[in-house]
Amino acid sequence: MRTANYELDATLYKLLQVALEQTLKACAPSVPWVTSKVETLDELRHEHCIVLTISSFKFKIMCLLHHSMDAANRTFVAEATATKLEDLEESVYTDYLMEMSNSFCGTFKRHLQGSCPPLGMSTPNFLESASLNFDHIKLAHCVHVRAQSASGASSLFAASALVIARDEGDFTLLPYQDYASEMDSAADSSGELELF
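According to the working numbering, the sequence shown holds residues 873 to 1068 in order.
A couple of the hints might just be wrong.
Unchecked claim - In silico DSBU-like pairs for lysine-lysine, Cα to Cα no more than 30 Å straight-line:
id, residue 1, residue 2
1, LYS897, LYS1010
2, LYS932, LYS886
3, LYS930, LYS886
4, LYS932, LYS956
5, LYS909, LYS886
6, LYS886, LYS1010
7, LYS930, LYS956
As the list claims (entries may be wrong) - Now the in silico label distances, taken between C-beta atoms and shown as ranges:
id, residue 1, residue 2, range
8, ARG982, LYS909, 18 to 24 Å
9, GLU1040, ARG946, 41 to 47 Å
10, ARG946, GLU915, 31 to 37 Å
11, THR995, ARG946, 31 to 37 Å
12, GLY1041, THR912, 24 to 30 Å
13, GLY992, GLY1041, 17 to 23 Å
14, THR953, ALA1022, 17 to 23 Å
15, ALA900, THR1044, 30 to 36 Å
Calculated directly from the structure, the hints in this document are not laboratory data.
All of these numbers come straight from a predicted model, not from anything done at the bench.
Don't be surprised by glycine CBs; every beta carbon is placed ideally from N, CA and C.
Required output: the full structure, derived from the provided sequences and hints.
Here it is in structure tokens:
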């Protein structure tokens, strides 16, 4: 049995939360997104998820972007693509969700690289949530966050990070404060032109 590492779990959760918030704000900047912690995967009631992996030589992280392909989700994608809901084609809808998952996982990977380079990232896989079964996988760490389009609204998206590592010290992270200062400086320099 692995010992609890609350600081590492808190940092992993915060990095996941920030990556999801940044992705959603890029998709829908005018929406007042509200995110909250979820204790277990079973609490997430979304019908589908898009799975990507972030891998190093010592560990693997399964990144899950949970969603339901319902009217609220379709409306979100239609608005994000500036398409009338009735004109939203299925291929455009699913492509948008796949690209959104790529953006989310890429953002999460960039945040992690301060502690654990080099990292690789897979392509997304679209799955029904009912097909997910992690009973036979020994998870070193597992964190979840849900996002609502407003306080009290149903959860439009959620994200999970499931860490698989062979040994206790194979997955480590710096304290969150170290990442926060890097993310702030990156945000300050965003939009600047680089000349070569």
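How the hints compare with the structure:
Of the supplied pair hints, the one linking LYS897 and LYS1010 is violated, its CA atoms being roughly 33 Å apart against a limit of 30 Å. For the hint pairing LYS932 with LYS886, the CA-to-CA distance comes to about 18 Å; that is within 30 Å, so the pair holds. Distance check on the hinted pair: LYS930 and LYS886 sit about 22 Å apart at the alpha-carbon level, within 30 Å; holds. For the given pair, LYS932 sits about 39 Å from LYS956 by alpha-carbon distance, which is inconsistent with the 30 Å threshold.
For the proposed pair LYS909 and LYS886, the alpha carbon gap of about 9 Å is at most 30 Å, so the pair holds. With a C-alpha separation of about 22 Å, the suggested pairing of LYS886 with LYS1010 holds against the 30 Å cut-off. In summary, the hint linking LYS930 to LYS956 is not supported, as the alpha carbons are separated by about 46 Å, beyond the 30 Å threshold. Distance hint check: the CB atoms of ARG982 and LYS909 are about 22 Å apart, consistent with the given range 18 to 24 Å.
Take GLU1040 and ARG946: their Cβ atoms lie about 44 Å apart, and the range 41 to 47 Å holds. Our hint of 31 to 37 Å for ARG946 and GLU915 is violated, since their Cβ atoms are close to 24 Å apart. In this structure, THR995 and ARG946 break the distance hint of 31 to 37 Å, their C-beta atoms being roughly 23 Å apart. Between GLY1041 and THR912 the C-beta distance comes to about 25 Å, which sits within the given range of 24 to 30 Å.
The hinted window of 17 to 23 Å between GLY992 and GLY1041 holds, with their beta carbons roughly 20 Å apart. About 21 Å separates the C-beta atoms of THR953 and ALA1022, a value consistent with the hinted range of 17 to 23 Å. The hinted range of 30 to 36 Å is satisfied by ALA900 and THR1044, whose Cβ atoms lie roughly 34 Å apart.
Of the numbered hints stated above, those contradicted by the structure are hints 1, 4, 7, 10, 11, listed in ascending order.
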